[in-house]
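Heads up: the protein sequence lines correspond to chains A and B, in order. Letter by letter, the first sequence follows residues 0 to 614 of numbering that gives the first Met the number 0. Letter by letter, the second sequence follows residues 0 to 260 of numbering that gives the first Met the number 0.
Hints were generated in silico from the structure; no laboratory data involved. For clarity, every value in this text was computed on a predicted model and none was experimentally measured. Think of the CB as a built atom: it goes at the ideal place given N, C-alpha and C, for glycine as much as any other residue. One thing to keep in mind: the hints can contain errors.
As the list claims (entries may be wrong) - Only pairs whose alpha carbons sit at most 27 Å apart, straight line, appear in this in silico DSSO-like list of lysine-lysine: (1) B:Lys-119 - A:Lys-504; (2) B:Lys-54 - A:Lys-287; (3) B:Lys-140 - B:Lys-119.
As the list claims (entries may be wrong) - A few chain A residues that don't get close to chain B, going by computed Cβ distances all over 10 Å: (4) Thr-51; (5) Ala-156; (6) Trp-167; (7) Leu-190; (8) Phe-197; (9) Gly-214; (10) Gly-286; (11) Leu-336; (12) Ala-453; (13) Asn-454; (14) Lys-529; (15) Ala-571; (16) Val-590; (17) Phe-595; (18) Pro-596; (19) Ala-608.
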Amino acid sequence: MGFYVVQALTGLASASALFLAAAGLSIIFGVTRIVNFAHGVFYMLGAYMAWTLTSQFGDSVLGFWLALIVASLSIGVVGLLVELTVLRRIYQAPELFQLTATFGVFLILQDVTLAIWGPEDLLGPRAPMLDGSVTVLGHPLPSYDLALIVLGPLVLAGLWFLFYRTRWGALVRAATEDREMLGALGVNQRLLFSTVFFLGTALAAFGGAAQLPKGGADLLMGLNILASVFVVVVVGGMGSIPGAFLAALLIAQLNAFGILIFPQGTLVLMFLVMAVVLVIRPKGLLGKAEGASRIESRALIEAAYPAPGVWERSFWALAIAALALLPLAGDAFALVLTKDILLFVLLAASLHFLLGPGGLVSFGHAAFFGCGAYAAALLVTYAESSMVLALLLAPLLAGCVAIIVGWFCVRLSGVYFAMLTLAFAQVLWSIVFQWTSVTGGDDGLLGVWPDTWANDDTVFYYLVTVLAIGGILLLRQAVHSPFGFATRAGRDSMLRAEALGLHVKQVQHVAMVFAGALAGLAGALYAFSKGSAFPDYMGIEMSFDSLIAVMLGGVQSLLGPLFGAGLFSWAAHELSTLSYWRGILGLLIVVLVLAFPRGLAGIPAAFRAARERLA
Amino acid sequence: MTALLSADGLSKHFGGVIAVDAMSFEMAAGEMFAIIGPNGAGKSTCFNMLGGQLKPDSGRVSLAGEDITGMTSRALWGRGVGRAFQIAATFPSMTVCENLQVGLMRRYGRLWSILRSARKQYREEAEHLLRLVGLGEAADKLCGYLSYGDLKRVELALSLVNEPRLLLMDEPTAGMAPDERRALMDLVVRLARERECGVLFTEHDMDVVFGYADRILVMQSGRRIAEGPPDAIRDNRQVQAVYLGQDFSLEPVPGSVRGAA
Ligand SMILES: Nc1ncnc2c1ncn2[C@@H]1O[C@H](COP(=O)(O)OP(=O)(O)OP(=O)(O)O)[C@@H](O)[C@H]1O
Ligand SMILES: [Mg+2]
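Construct the complete structure from the given sequences, taking the supplied hints into account.
Below is the structure:
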């Protein structure tokens with residue numbers, strides 16, 4: 000009995016740190032409507048900053064707690080700088096853009112942390128007076144946990160006071176409920192947004208700082224907390240602070256007890272809970288229905304995908320000719336690189352079909368890529384299937400997974416859709432990662448080589464090229480097909496599409512299966528190309544990389560995924576020898592997004608517009 | 000003879016606001032039937048319950064004798080109900096012609112192909128419909144760039160794709176100049192008479208309402224306060240009181256384009 004009580008108390012303690020971070024994200028989303036991917040990095044920075052300050056001043060009780068608070072406030076200032084330099088310029092931009100830009104900020108700050116504090120994990124300091132433990136029903140509980148348990152409700156009360164007893168708080172609530180009205184009231188929006196961002200990041204930093212004595216600081220904590228924080232915010236309902244509190248309690252308890260029943264599966268449990276909540280309550284526990292759709296009609300006009308013109312056709316002819324002639328150059332490495340790029344382009348193009356024509360922001364598209372890879376690898380390993388059969392079946396299997404995942408996901412929309420796709424991807428990843436006896440777990444499945452007839456580098460290169468280009472062209476044709484039009488119709492106006500007899504959710508479901516199957520094809524080819532399948536193939540990073548590729552290229556152009564994925568793979572390849580290459584990539588992303596809000600494919604149009612302005 | 004459309008005790012409330020309160024009426028095929036009322040009277044809420052965008056809290060709707068209460072707009076489309084929204088809903092990223100082609104491809108069950116090229120499908124039929132509503136010239140313009148009046152015309156053309164027997168039109172001529180309004184309403188009346196199609200519409204422009212409706216129902220605060228032919232409504236003291244008391248701007252004011260938003 001005592002053991003369970005202590006377990007529950009530990010759960011309450013971790014709920015506090017989780018709540019602090021989640022509350023910050025939720026407030027920022029509520030007011031600015033930005034889903035801030037950089038949030039995790041502020042949490043991490045809070046911990047690092049607190050580590051530095053407590054090592055100087057943390058010996059007295061007052062010094063320790065002051066150090067935590069000063070650390071949080073200083074990171075809040077960093078957040079403020081980010082708001083002023085980056086976010087302020089993209090409040091009106093399409094959602095996807097905001098996601099990309101904040102993810103770029105994440106990558107930059109991640110590497111800044113690495114540069115300042117180095118790669119080693121830092122051990123948390125002891126909190127003065129709280130470094131012992133108390134005995135609860137015969138079981139020890141760290142005293143610091145008690146402090147954390149108090150901290151969560153204390154901050155909740157503080158936020159309540161701020162929101163319901165101050166004029167600023169009233170404005171924040173008004174902005175969360177109705178953004179248009181706020182403009183009408185003549186409120187200084189810039190100031191409000193900046194202060195909200197400051198508070199949100201300071202809260203995240205405080206969350207990171209507060210858990211420092213428990214968990215220390217490391218470079219992965221930003222990405223790790225991000226997943227949990229998103230789950231908490233989505234389960235609680237975007238923009239709802241009490242919802243975030245409730246969800247943080249729920250998730251933390253789930254972790255505390257889940258670890259006893261299902262030691263490695265807490266991540267899966269967490270995402271499963273989120274999936275269940277979202278299926279029952281599509282806006283989270285305490286979330287309110289959002290008003291109008293976020294997609295502006297201006298953005299839609301740009302996503303018109305006109306029929307291919309002369310220059311697009313010539314581009315394709317040239318590209319295909321170049322790919323066909325490449326083996327003559329006799330550069331074996333160029334073949335390998337081109338193969339990788341082509342498969343990444345196919346993955347990006349299949350994601351583009353969802354993001355662009357479908358208007359469906361999927362955060363977990365790599366799941367289908369990974370399913371294709373594992374389907375092929377499992378078929379080869381356990382059924383001694385030939386490569387041809389595996390390549391035929393893998394996309395079908397990935398499509399079948401997409402049937403199941405899609406059935407749940409298309410019930411939701413916007414951020415909730417995105418989070419549920421991410422949840423499913425994480426669940427699939429965990430299955431692959433943990434079912435070691437079948438999938439090999441972390442070690443992956445090896446020995447997935449092409450059939451003998453295709454084992455020659457050049458032959459396999461041609462096989463990949465033909466299938467990848469075929470898949471990319473099929474996706475492109477699909478955009479111009481009746482089905483592509485139906486997909487766009489559902490994105491443009493759900494109301495009109497339904498009134499014209501279209502079953503929008505069904506169309507979206509089929510679009511997910513179609514895109515999933517092609518991602519599966521890319522994955523299967525990738526497995527044969529590398530001779531292996533690893534859990535990474537369906538990891539969060541892979542999903543995000545493909546998202547970034549699509550957004551770099553520009554959602555509103557069919558050539559976008561080509562350029563974006565091409566640039567991304569090339570940059571990843573060229574930069575990966577540098578120690579801060581992720582940060583450089585992040586900087587590249589932020590600069591590109593700010594300079595060319597329509598992506599690479601929009602650069603010609605941007606130059607035309609600039610010339611016209613000058614003339 | 001059963002009525003084309005009949006509503007019986009339809010009600011809808013949003014939180015504390017009773018938007019529509021026990022509305023009942025019937026209309027016949029080929030009839031032009033107008034619902035009018037000041038802003039916030041509950042007209043759009045009525046249309047949305049009849050058109051499948053909102054589920055009524057209580058009450059019954061039937062279409063030619065069939066109970067259609069709470070059906071989705073998709074299901075109603077299959078039963079021949081066409082819809083124009085108060086805020087025009089079209090596909091802004093597509094050209095006017097492509098908007099109609101989507102409707103036509105749906106109608107002929109051709110939406111699932113991924114190998115055909117959509118731009119070639121039913122192009123002529125789409126252009127024919129566009130000429131009918133006076134948009135022949137705009138076929139290749141993106142819908143997102145059209146004027147509001149033209150969007151309303153696209154909506155009408157879209158509702159005609161399925162050869163409807165009932166048209167639900169929430170402010171079909173909003174944003175048009177007076178002669179454009181007349182042209183559009185002339186077309187609607189002709190369709191109603193020739194195709195025996197019932198038209199339920201609302202308008203803030205009283206010239207349109209009194210010039211084209213066979214019967215008028217007046218709503219205020221979710222309730223019916225009068226129903227009858229235009230002449231009777233014009234002379235009804237209660238209706239006059241509602242309009243004078245509530246919203247002066249509905250009276251034609253020289254120089255103003257339109258009475259109310
Ligand atoms: N989705 C909603 N949520 C809450 N209240 C609503 C909603 N839709 C309508 N209402 C309220 O219901 C009432 C009726 O609105 P409705 O749009 O039906 O009026 P209307 O007669 O069409 O007005 P208008 O002439 O301005 O178009 C109004 O008080 C409105 O504020
Ligand atoms: Mg209305």
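Going through the hints against the structure:
no. : hint                  : verdict
1   : B:Lys-119 - A:Lys-504 : holds (26 Å)
2   : B:Lys-54 - A:Lys-287  : holds (19 Å)
3   : B:Lys-140 - B:Lys-119 : holds (16 Å)
4   : Thr-51                : holds (51 Å)
5   : Ala-156               : holds (29 Å)
6   : Trp-167               : holds (27 Å)
7   : Leu-190               : holds (31 Å)
8   : Phe-197               : holds (34 Å)
9   : Gly-214               : holds (45 Å)
10  : Gly-286               : holds (17 Å)
11  : Leu-336               : holds (31 Å)
12  : Ala-453               : holds (27 Å)
13  : Asn-454               : holds (33 Å)
14  : Lys-529               : holds (30 Å)
15  : Ala-571               : holds (31 Å)
16  : Val-590               : holds (28 Å)
17  : Phe-595               : holds (20 Å)
18  : Pro-596               : holds (17 Å)
19  : Ala-608               : holds (17 Å)
Violated hints: none; the structure is consistent with every hint.
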